[in-house]
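Below are the chains, spelled out letter by letter.
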Amino acid sequence: DGGITQSPKYLFRKEGQNVTLSCEQNLNHDAMYWYRQDPGQGLRLIYYSQIVNDFQKGDIAEGYSVSREKKESFPLTVTSAQKNPTAFYLCASSISGKGTEAFFGQGTRLTVV
Amino acid sequence: AQSVTQLDSQVPVFEEAPVELRCNYSSSVSVYLFWYVQYPNQGLQLLLKYLSGSTLVKGINGFEAEFNKSQTSFHLRKPSVHISDTAEYFCAVRPQNTGKLIFGQGTTLQVKP
Chain A
1 DGGITQSPKY LFRKEGQNVT LSCEQNLNHD AMYWYRQDPG QGLRLIYYSQ
51 IVNDFQKGDI AEGYSVSREK KESFPLTVTS AQKNPTAFYL CASSISGKGT
101 EAFFGQGTRL TVV
Chain B
1 AQSVTQLDSQ VPVFEEAPVE LRCNYSSSVS VYLFWYVQYP NQGLQLLLKY
51 LSGSTLVKGI NGFEAEFNKS QTSFHLRKPS VHISDTAEYF CAVRPQNTGK
101 LIFGQGTTLQ VKP
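Protein chains in written order, with my numbering: chain A, 1 to 113; chain B, 1 to 113.
Derived by calculation from the structure, the hints in this document are not laboratory data.
Just so it is clear, CB atoms sit at the ideal spot from N, CA and C, and this is done for glycine as well.
Check before you lean on any hint, since a few could be wrong.
Here are the computed distance ranges between Cβ atoms for each label pair [to be verified]:
1. B:Ser28 x A:Arg13: 36 to 44 Å
2. A:Asn28 x B:Arg77: 32 to 40 Å
3. A:Thr111 x B:Lys58: 16 to 24 Å
Which bits of chain A does chain B cover? Going by a derived footprint, with three or more residues having C-beta under 8 Å, they are [unchecked claim]:
4. 28 to 41
5. 44 to 52
6. 102 to 109
Whenever a hint applies, use it, and build me the whole structure from the sequences.
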């Protein structure tokens with residue numbers, strides 16, 4: 001089946017450790033996105049990429065890093081510099097082009113203790 | 001910069017009653033508009049989108065939305081809700097000159113029997 005796969009669904013880490021969230025898509029989409037969701041704050045854009053080997057910061061990029069070495073993959077690393085990393089993280093992809101909607105993965109809930 | 005404001009954080013409504021979820025946006029350029037629905041601990045699913053043409057857009061599950069350019073609004077409506085419509089709803093905009101997809105804070109629709 002075509003879609004976006006985020007893994008794992010739940011992730012626990014100790015404070016001070018870096019952690020990488022996986023996002024893979026087989027939709028042949030050029031654009032990929034990472035969002036952070038917190039209660040009452042909606043979805044806030046962390047990073048997005050419109051093409052392989054290129055990505056742009058979103059509104060809350062501090063403490064996060066990404067790479068886009070393959071069209072299918074857009075991993076997000078939550079570094080120890082992120083002050084409050086516990087959140088629900090959503091990955092999305094879309095066809096590059098006007099008016100195209102984004103398709104979302106099922107999310108990863110990260111808890112840092 | 002663009003922004004999206006969902007005017008109600010929670011909307012309680014009785015089953016079979018009509019509902020309207022309000023969304024206003026701010027942008028210096030033309031935008032494409034979207035409504036998504038999210039069920040607990042899941043990703044987002046597209047309800048409907050406005051790209052151009054008729055300002056009344058019909059989506060899945062009996063939802064519709066009307067684009068009002070002068071008021072920069074894109075309110076979501078359903079004439080008769082069901083218990084299964086209980087979920088969180090997000091309004092989003094994509095400026096026509098960028099790949100960014102910007103979300104509002106979300107509205108929780110609570111349908112009561």
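key: Hints the structure fails to honour   = Failing hint: just 3.
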